[in-house]
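S.K.: Two chains, two separate frames, one set of hints: put the complex together.
Top to bottom, those sequences are chains Y and E.
Oh and the first sequence: position 48 is 48 in our numbering, straight run, nothing missing.
Whatever position you read off the second sequence (first residue = 1), add 224 for our numbering.
Since no wrong hints were added, every one of them can be taken at face value.
Using 35 Å as the maximum straight-line C-alpha spacing, the simulated DSBU-like pairs for lysine-lysine come out as follows:
1) LYS87(Y) with LYS227(E)
2) LYS191(Y) with LYS389(E)
3) LYS87(Y) with LYS9(Y)
4) LYS258(E) with LYS65(Y)
5) LYS9(Y) with LYS392(E)
FYI, nobody ran anything at the bench for these hints, they're computed from the structure.
Quick caveat: nothing in here was measured; it's all calculated off a predicted structure.
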Amino acid sequence: MNKLQNFSKGLISENPVLVLILGTCPTLATSTNVESALGMGAAATIVLFCSNIVISALRKVIPDKVRIPCFIVLIAGFVTMVQMLVKAYAPDLDASLGIYLPLIVVNCIILGRAEMFAQKNTVIDSAIDALGMGAGFTLTLAAMASIREIFGNGTWMGISIPVLSDNHVSILTMAPGGFFVFGLLIAIVNKFSKSKPKKKDFGCAGCPSAGVCGGCAVKEGSDD
Amino acid sequence: MTKLIIILLSAVFINNYVLNRFLGICPFLGVSKKLDSATGMSLAVIFVMLIATAVTWPIQMYLLEPNNLGYLQTIVFILVIAALVQLVEIVLKKYVPALHKGLGVYLPLITTNCAVLGVTILNIDEGYTFLEAMVNSLGSGLGFFLAMVMFSGVRSKLEGADIPKSFKGLPITLIAASITSLSFMGFGGVIENLFA
Numbered sequence: 001m002n003k004l005q006n007f008s009k010g011l012i013s014e015n016p017v018l019v020l021i022l023g024t025c026p027t028l029a030t031s032t033n034v035e036s037a038l039g040m041g042a043a044a045t046i047v048l049f050c051s052n053i054v055i056s057a058l059r060k061v062i063p064d065k066v067r068i069p070c071f072i073v074l075i076a077g078f079v080t081m082v083q084m085l086v087k088a089y090a091p092d093l094d095a096s097l098g099i100y101l102p103l104i105v106v107n108c109i110i111l112g113r114a115e116m117f118a119q120k121n122t123v124i125d126s127a128i129d130a131l132g133m134g135a136g137f138t139l140t141l142a143a144m145a146s147i148r149e150i151f152g153n154g155t156w157m158g159i160s161i162p163v164l165s166d167n168h169v170s171i172l173t174m175a176p177g178g179f180f181v182f183g184l185l186i187a188i189v190n191k192f193s194k195s196k197p198k199k200k201d202f203g204c205a206g207c208p209s210a211g212v213c214g215g216c217a218v219k220e221g222s223d224d
Numbered sequence: 225m226t227k228l229i230i231i232l233l234s235a236v237f238i239n240n241y242v243l244n245r246f247l248g249i250c251p252f253l254g255v256s257k258k259l260d261s262a263t264g265m266s267l268a269v270i271f272v273m274l275i276a277t278a279v280t281w282p283i284q285m286y287l288l289e290p291n292n293l294g295y296l297q298t299i300v301f302i303l304v305i306a307a308l309v310q311l312v313e314i315v316l317k318k319y320v321p322a323l324h325k326g327l328g329v330y331l332p333l334i335t336t337n338c339a340v341l342g343v344t345i346l347n348i349d350e351g352y353t354f355l356e357a358m359v360n361s362l363g364s365g366l367g368f369f370l371a372m373v374m375f376s377g378v379r380s381k382l383e384g385a386d387i388p389k390s391f392k393g394l395p396i397t398l399i400a401a402s403i404t405s406l407s408f409m410g411f412g413g414v415i416e417n418l419f420a
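The shape of chain E in the complex, shown without the other chains (with noise of 0.2 Å):
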């Protein structure tokens, strides 16, 4: 149990995917404008994640290691997960049109993002068993979350800051990224401590 806390706490604090691992920057710096679309995004993201992780890793466990198919990880975990956000999506339309609307444009975005492919992947390289593996996919969407949500606060004072004309946009949403990041280094050590 203590051993699941402290994958998740890690995930979602130390190693967080966006502000320390650098996976789902692009989401990260073009949705997070808002507080409404960076909380939809979020929320879709963390959804991905967990069937991505539920799905590819007895597919990687009970098909592909065992037939010595282990080098085709890549091209399998990307097609299903493509397959898999087209039926969710198609499925959330049909039967929870509620939650589709709320997720559903956010769907078709996940399906090339780097986050989502990530921790399934890691998710094996780091030899999880199933739960764990759970556990740390639920983390790494959550500190996704806590990051888009943290930084739509961030940039919605940016809007307004007088600021040099070449660092505008993108160059000050950067720099304002990297303290926040720097803030995120302040959780390291925290964890690992917490329960030694």
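So here's chain Y without its partners, still in its complex pose (with noise of 0.2 Å):
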């Protein structure tokens, strides 16, 4: 796989969250205006950014039994790093995000990649990769809250739109919307996607990051 490809297969190929599935969580939360859902994606992207190149250059350090922990100390020492800068220099920012700042900790897209990616393969690979991730990531969020914010609150990025801000949906931008709008765009997806989605339906025998929080295949097995 030629670096291109490794990064433009995070905007579509394997695009987190509408392929994937990852990171459902601040994609429906902080998904109510443009502003800050590009603020959310910049915010992972770097924590994914930092954590694939660290976590890639100490792959032959770290024993495979005390990865996972050691992968989280990594990765909640880069977010708290993120979210003092945010605190310092972006406090709208920061109020706009709250809670889900701290928790991009518990974001799947960056512990996933770590097992999935950093830790198979070498460095320059790893930060191409969360590049493409974290762009997938951000533009996904971007185009969910551009809907969310034009047809629910009628204005983009803080602009009025004519004659939509006479005429808005609010309920777009309030929790049922996040879900009825996400919900949609995987409908798109699953349309247009010429490799036929595998037949996977949501559950961890599907989630790429199964691994990680181990168990999953035991209690899917047993639920059958």
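M.R.: Rendered as structure tokens:
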């Protein structure tokens, strides 16, 4: 796989939000307006970039058995740094992201990429992977936030849109609208993706970070 | 006392973790297919939320804040929760095997569940006292339980429904979640007026 493919897979074929279905919580919560969506995307991308580089640099040092706790500590460290930077330089963003900023620690995109990619690949490849995944995450968030902001609030990035600002559907910016728009987007992706999406339903079996959380395989098996 | 009841009821109905705050979506969508696994998962979440709050609240108040280490909150909390879950699992396995059998498989899943880390951080952010924090955690856990159980009923109906091909699986589940969440919006304002 060349470097360009490595980058672009995060945008389309392995889009973390719409295809891999990772990081649903921040996607739903911070896509109420475009600005906070971009902020969330940027914060997660920075954390992902740093953690992927460090984890792949240390991949021969970290013993296999304690890798998950090591990853979590590294990720939590980077999240704390980003949190402090945002608090200092973008207090408005800090207020609008609120609890979701520290919760980047448990965002499965970051732990998932560490487990699936960074611990098996070189530093350069991991960095490119992180940028691709981060860009995919940010763009999807921004697209979803645009839909919710334009139709739900009649504005885009704070700019008022003529007809829609008088006739907005405010439910779209509230919780139910988040689920609804996300559902529609995934249905659209399913409709147009050429490689018929694997039959996998949402659940631990289809979750790429199943290895991370352990136990899943056991439980899914016992369900059937 | 009234304040505690208000905290409990608003955590269950109004600020429902899953349907309003979008925390813990992964288990909500992943484990809600069957009623018994939904119940097991939710009980484990309530249990872990309570012990996580019981441990992290004193750590924040008596260890981090007096020493000006508030910025270590995220790292310390996630580590404490991860270690705690492992410890509880070992203890349960040894001394209460019956309970371990019921909750055991779900415990490791909860370590990286954003609802648990979320509730511990929110308890600090809201400035709750220890008792209020515990009540809030209980309410949040119960709210999770309610959403999971209700939604597993909705999903069992969805299984047999005839829906367009591209909506099969996750999309229709999300749209059903949207309607469930809409019904919860009806609780808005009820609790405040109940005690006014």
